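Novice: In case you want the letters, here they are:
Protein chains: 2
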Amino acid sequence: MLAAAAQLRLSVGDLAGNRAAARRAIQEAAQAGAKLIVLPELAASGYVFMDKAEAGALSEELTGPTVTQWTHLAEALDMVIVGGLAERGAAGALYNTAVIVDRTGLRASYRKAHLWDLEKEIFIAGDAPAPVIETGIGRIAVMVCYDLEFPEWVRPVALGGADILCVPTNWPLAPRPEGERPGEVVRAQAAGSTNRLYVIAADRCGIERGVEWTGGSVIIDPDGFPIAGPISADDPVLLLAEIDVAQARRKSIGERNHVLGDRRTDLY
Amino acid sequence: MLAAAAQLRLSVGDLAGNRAAARRAIQEAAQAGAKLIVLPELAASGYVFMDKAEAGALSEELTGPTVTQWTHLAEALDMVIVGGLAERGAAGALYNTAVIVDRTGLRASYRKAHLWDLEKEIFIAGDAPAPVIETGIGRIAVMVCYDLEFPEWVRPVALGGADILCVPTNWPLAPRPEGERPGEVVRAQAAGSTNRLYVIAADRCGIERGVEWTGGSVIIDPDGFPIAGPISADDPVLLLAEIDVAQARRKSIGERNHVLGDRRTDLY
Chain V
314 MLAAAAQLRL SVGDLAGNRA AARRAIQEAA QAGAKLIVLP ELAASGYVFM
364 DKAEAGALSE ELTGPTVTQW THLAEALDMV IVGGLAERGA AGALYNTAVI
414 VDRTGLRASY RKAHLWDLEK EIFIAGDAPA PVIETGIGRI AVMVCYDLEF
464 PEWVRPVALG GADILCVPTN WPLAPRPEGE RPGEVVRAQA AGSTNRLYVI
514 AADRCGIERG VEWTGGSVII DPDGFPIAGP ISADDPVLLL AEIDVAQARR
564 KSIGERNHVL GDRRTDLY
Chain C
314 MLAAAAQLRL SVGDLAGNRA AARRAIQEAA QAGAKLIVLP ELAASGYVFM
364 DKAEAGALSE ELTGPTVTQW THLAEALDMV IVGGLAERGA AGALYNTAVI
414 VDRTGLRASY RKAHLWDLEK EIFIAGDAPA PVIETGIGRI AVMVCYDLEF
464 PEWVRPVALG GADILCVPTN WPLAPRPEGE RPGEVVRAQA AGSTNRLYVI
514 AADRCGIERG VEWTGGSVII DPDGFPIAGP ISADDPVLLL AEIDVAQARR
564 KSIGERNHVL GDRRTDLY
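First to last, the protein sequences are chains V and C. Quick note: the first sequence uses our numbering, first residue 314, plus one each step. Quick note: the second sequence uses our numbering, first residue 314, plus one each step.
Since the hints were made in silico from the structure, they are not lab data. No experiment lies behind these values; they were computed from the predicted model shown. A hint or two may mislead.
[Said to hold, decoys possible] DSBU-like, lysine-lysine: derived pairs with alpha carbons at most 35 Å apart: (1) V:LYS433 to V:LYS365; (2) C:LYS365 to C:LYS564; (3) V:LYS365 to V:LYS564; (4) C:LYS564 to V:LYS564; (5) C:LYS348 to V:LYS365; (6) C:LYS365 to V:LYS564; (7) C:LYS365 to C:LYS433; (8) V:LYS433 to C:LYS348; (9) C:LYS433 to V:LYS564.
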């Protein structure tokens, strides 16, 4: 099964342009034969809001145009699509949300539980676990960006049987020593290998209102090694990699070890 | 403060030779000005036991020659020494143990809680948390090898205030893609950065009864980047790096984030 991560150059406020960029990536992935695509965090709105009012104006309901577009594309192309949007909930509450859609429609929505920086001024943090959804191509989980940095949040996803953890992200570029991978990629690798599941992170590229993105999109296998990316480059790119969910269901290491079974649940 | 990781070539059963190799590394580190040294797992006995009887014959009490040697050296050289040995406990029970000694003597012993492969046939798993010890050079924690792969085991050490997590290891060489770091090193980097503490792993090199070691000794800073090693080479090496415990005590990222404070303790 071929899977894709779409690293996009988006522009805050350009809802139509951003949706078009996502549509093109989805269509390109479908043409390449991918059955799953992961889009960035807040893929419709962009990320660097001036304030809560602007985020509100760029938010939409889950019945709105972004999820509707993805649902139509998922049905037409028989794909699973995972991506992020600014969700407007009850009484105008805003959430940094990601959804899983497949040919049957919206399968799950998830509200980011660990908010980054100014998100704390704009969004309400979610308080529901990351969902694990049985689809025609395997069990798909989703969480958003900074969520992935909390191993306590990833472990339940593995225990819930996830084969592929999809992570829409907007990783702001941080300094790192020459030759080093972005820390976010390293932590994604560890999340993959300590749970023996695939991790697909779709990041942004370009600069938005002075914030430069890492461009660290990556597809990681259950051994924790990248099988596509990271290119860490300032270019849109569609990463493609073969996924074998059977690999993610083998949690054993050798004859006597098991990444989940070896947890000392008597101690923690 | 200068810290060292001693990657040693040891030989199972050669207690005198192994203790001499450790002593030489400790003395070399002291001459270089190091105030802390980490030695490998099971540094006195070697690792690849034929059976439990052999491990028992190579085990010793915490009052035995290995800890006594380290205690004498720690006092004479005013160093903190962390290393592993096969501990013989009550009624002949065997533990894969690591100790922290300083100029005042044995400060803590810790029994590996997550056993790897054939260790399950030989050792009893510990059931006490990894200790965090206040020393003259900072707060030092210790755990052993595979323990580090369980984020649930590392987090309490950070919450306990550890500045430096010392990890005696024997990492058996596993296949990895060309150009990739060993997975154990990647997971150690993630353990460091998700908790913003230093991680010092001292590994083995060489081959012991057909088991090849990774030679992945590494010193990692609170950003999760190596500041010494990994050399991933089949040679003994003394890694040295400057440690600034103040860095490990800054758990904030920017103005609004904090690697410990951002945990959703209402949810997990």
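Novice: Take the hints in turn and mark each one as holding or not.
Specialist: Status of the hints after comparison with the structure:
1. V:LYS433 to V:LYS365: holds, 10 Å
2. C:LYS365 to C:LYS564: Violated. C:LYS365 to C:LYS564 sits at ~43 Å, over the 35 Å cutoff.
3. V:LYS365 to V:LYS564: violated, 43 Å
4. C:LYS564 to V:LYS564: Roughly 32 Å separates the two Cα atoms, so the pair holds.
5. C:LYS348 to V:LYS365: This hinted pair is violated, its Cα atoms lying about 51 Å apart.
6. C:LYS365 to V:LYS564: OK: C:LYS365 and V:LYS564 at ~27 Å, within 35 Å.
7. C:LYS365 to C:LYS433: holds, 10 Å
8. V:LYS433 to C:LYS348: Cα-Cα ~42 Å, so violated.
9. C:LYS433 to V:LYS564: holds, 18 Å
Checked against the numbered hints given earlier, this structure breaks hints 2, 3, 5 and 8; the rest are met.
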